[in-house]
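Student: Chains A and B, in that order, give the protein sequences.
Residue 14 in the working numbering is what sits at position 14 of the first sequence, and the numbering runs on without skipping anything.
Residue 68 in the working numbering is what sits at position 68 of the second sequence, and the numbering runs on without skipping anything.
Treat the hints as calculated values from the structure; they're not laboratory data.
Keep in mind that a hint or two might mislead.
Calculated Cβ distances over 12 Å to all of chain A for the following chain B residues [claimed, not checked]:
| hint | residue |
| --- | --- |
| 1 | Phe4 |
| 2 | Val6 |
| 3 | Ala88 |
Derived pair list, reagent style DSBU-like, types lysine-lysine, alpha-carbon separation capped at 35 Å [what the hints assert, rightly or not]:
| hint | chain 1 | residue 1 | chain 2 | residue 2 |
| --- | --- | --- | --- | --- |
| 4 | A | Lys79 | A | Lys96 |
| 5 | A | Lys72 | A | Lys85 |
| 6 | A | Lys72 | A | Lys96 |
| 7 | B | Lys68 | A | Lys72 |
| 8 | B | Lys68 | A | Lys85 |
| 9 | A | Lys96 | A | Lys85 |
Glycine is no exception: its CB is placed at the ideal position from the N, C-alpha and C atoms.
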Amino acid sequence: MRIVSLAGFLFAFWLVLSGHYTAMLVAAGAVCAILCALAAVRMRIADAEGHPIHLFVGALTYFPWLAWEIAKSAWAVTKVVLDPKLPISPTMTVVKASQRTPLGVNIYANSITLTPGTITVGVSGNDLTVHALVRDGAIDLEGGGMDRRVSQFEGSA
Amino acid sequence: MTGFLVEALSWALILAGAFFTIVGALGLMRMPELFTRMHAASITDTLGATLLILGMMLQAGASLVALKLLFILLLFFATGPVVTHALAQSALHARVEPELAEDRRARAAEPPGDGRQP
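With the rest of the complex left out, here is chain A (with noise of 0.2 Å):
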């Protein structure tokens, strides 16, 4: 099933790069997307982690939530960088990723990256060390709300 999935997305990758669409280029095309799902089978990278495909409704309303949380904390950063007195207050803090996969924890990480104004600088097992450039972003991780956030993505397959 997975498989199947693979190289379904592998084939439409194959079209929006391509352009041409006569019968013979699709044609070879659809064959490349097949060898590429197989040997990715071959190399045990097609696997819930290299493929998340469970993941992909789920996906559908995270995704446009991290894109809100991105803009809401770059904006605030913006203000930060042009306030004159530069009101910075760098913070370094462990909090605990709550998610049962390494997936998971690693889209709280990535998550937690993208978000201007936190940067997760360390990972061991599930405590994750973060640099927030001011106090109040640490303490916001801290509370748990994008944890709790991720977790639900994550099994909501």
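Go by the hints and put chain B onto chain A.
Tutor: Chain B only, in chain A's frame:
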């Protein structure tokens, strides 16, 4: 009329994207050290890049070019945090210590609360 609206929205997005890119660059100059500079740079490669690419997608219209621009955006979002994380970790590894106003790392040993200190 619709053409004008699309054009105006596209220009608004591109100008906003340019604004946030410049803010990111300005922050890069103003921040005192490596870690805080990375925060400024992240404005450029999240909000700046997103707005610029959305504006360009409106210029491209419903075409393959718009989809390819979308892939570029997804590539930014997939590679950006990886690169940032690698940079931060290699800086720590090279013993570049961040200048901190407060270090809350020791907090992990405490019992879980709401994270707020009195």
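Student: For every hint, state whether the structure bears it out.
Tutor: Hints, verified against the model:
| no. | hint | in the structure |
| --- | --- | --- |
| 1 | Phe4 | holds (26 Å) |
| 2 | Val6 | holds (21 Å) |
| 3 | Ala88 | violated (4 Å) |
| 4 | A:Lys79 with A:Lys96 | holds (29 Å) |
| 5 | A:Lys72 with A:Lys85 | holds (21 Å) |
| 6 | A:Lys72 with A:Lys96 | holds (23 Å) |
| 7 | B:Lys68 with A:Lys72 | holds (26 Å) |
| 8 | B:Lys68 with A:Lys85 | violated (41 Å) |
| 9 | A:Lys96 with A:Lys85 | holds (33 Å) |
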